[in-house]
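Visitor: So the sequences go chain by chain: A and B.
Just so you know, the working numbering puts the end of the first sequence at 147, numbered straight through with nothing missing.
Just so you know, the working numbering puts the end of the second sequence at 140, numbered straight through with nothing missing.
Check the hints yourself; a few may be wrong.
To be verified - The calculated lysine-lysine pairs, modelled on DSS-like cross-linking and capped at a C-alpha distance of 30 Å, are:
(1) Lys-44(B) with Lys-9(A)
(2) Lys-142(A) with Lys-83(A)
(3) Lys-69(A) with Lys-44(B)
(4) Lys-84(A) with Lys-44(B)
(5) Lys-44(B) with Lys-7(A)
(6) Lys-44(B) with Lys-137(A)
(7) Lys-141(A) with Lys-44(B)
It should be emphasised that the hints constitute simulated quantities derived from the structure, not laboratory data.
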Amino acid sequence: MKQRYMKNKLAALGVGFIFAIGLGLSGMTQPRKVVGFLDLFGAWDPTLIFVMIGAIAVHFLTYRWIRKKDAPWFSESWHVPTKKEITPALIFGSVLFGMGWGLAGYCPGPAITSLASLDSRPALFVASMLAGMFLFKLADKKMKFQK
Amino acid sequence: MNQDWIMALFGGGLIGIAVSLMLLWNGRVTGISGIINGTLTPQKGDTAWRLYFIGGLVLGGLALSAVYADTFSGALDGEIWTVIPAGLLVGFGTILGSGCTSGHGVCGISRMSPRSLVATVIFMAAGIATVTILRQLGGL
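One chain only, chain A, in its complex shape:
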C-alpha cells in the first residue's frame, strides 16, 4: 500500500514534467501567442489549434484502450468524472474562465509551468488564481453552487 502510494506520487511528478515540456514546445507558455489564437477577428494566429488536435488525437485513442483495463497500475480504482448534466455553474464558470484566459493569456497549466521563468507576471497570476479558488470556496459556502 505504502509503496503503491510512493509510485503514485512519482507518476504524478513524471506526468507534470512531460506535460510542461509539451506546453512549452507547443507555445502555450507564450501569452502573446495565446492571445493571438483568441484574436479571431483581428490578427488571428491559428497555430495553437494544433495543440488540441495533437493532444486529443493521442488521448482519444489511448483513453479507450486504457479504460478496458480493470484498474490503473498504481490505484485501486478509476477516478474519472461521470457527470452528464449541463448546469448553469458549468456555463457561467466557463465564461469567467474564458474571460480571464483572454485577459492574461494564461490558463492554469501554463501559468504554473511559467513560474519556472521567475518572472513576476506568472507569479502574480498564480497568486491571484489561488485567491480566486479560495474566493470560490467562500462563495460556495453561502450559495451552495450545483456544479
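Fit chain B to the given chain A structure using the hints.
Guide: Quick look at chain B alone, frame taken from chain A:
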C-alpha cells in the same frame, strides 16, 4: 519559414501522452485547475501527489527553458496589474465550471464528455470575445 504548427502538434502529442499516463498509472483525469484546487483543502492521502504534479510542471518548465530559449518568450506588453483580475477570473471560473483547458479541453473532449464539449466551446468563445473587446478598446 513558419514551422510553429509542427511544434504545436508535437507539443500537443506530448500533452496527450502525459494525460494518458496519468490515467494508466493513477486512474485520474489531468485537470490542472482541479489538481491545484485540491491542495487548498488538503485531505489525508490525497494531497502529496498533487504537489508532486505541480512540482513536475515547474521542473519541466525549468528543464525546457534551459535548452529552448522561446519557452517563456512572448509576455504581453500591457500593465502587469491586469494579471490580477485575470487570475481571479481563472481561479473562480475553473472551479465553478469544474475544469479548464486540460480537464475539459483535452481529457473531457477525448472521452466525449458532453459537459466538457460545452465548457470548451464556451470558454473559447468567452476568450475570443474578451480579446475582441480588448482590441476594440485599443488594449492590444
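Visitor: Against each hint, give a clear statement of whether it holds in the structure.
Guide: Hints versus structure:
1. Among the hinted pairs, Lys-44(B) with Lys-9(A) is consistent with the structure: their alpha-carbon atoms are about 14 Å apart, no more than 30 Å.
2. With a C-alpha separation of about 23 Å, the suggested pairing of Lys-142(A) with Lys-83(A) holds against the 30 Å cut-off.
3. Of the pairs offered as hints, the one joining Lys-69(A) and Lys-44(B) holds, with about 27 Å between alpha carbons and a cut-off of 30 Å not exceeded.
4. At roughly 29 Å between alpha-carbon atoms, Lys-84(A) and Lys-44(B) fall within 30 Å of each other, so this suggested pair holds.
5. Annotation: proposed proximity of Lys-44(B) to Lys-7(A) holds, straight-line Cα distance about 17 Å (limit 30 Å).
6. A hinted pair counts as satisfied when its Cα atoms are at most 30 Å apart, and Lys-44(B) with Lys-137(A) qualifies at roughly 19 Å.
7. Note on Lys-141(A) and Lys-44(B): the hinted pairing holds, with a Cα-Cα distance of about 22 Å set against a maximum of 30 Å.
The structure agrees with every numbered hint stated previously.
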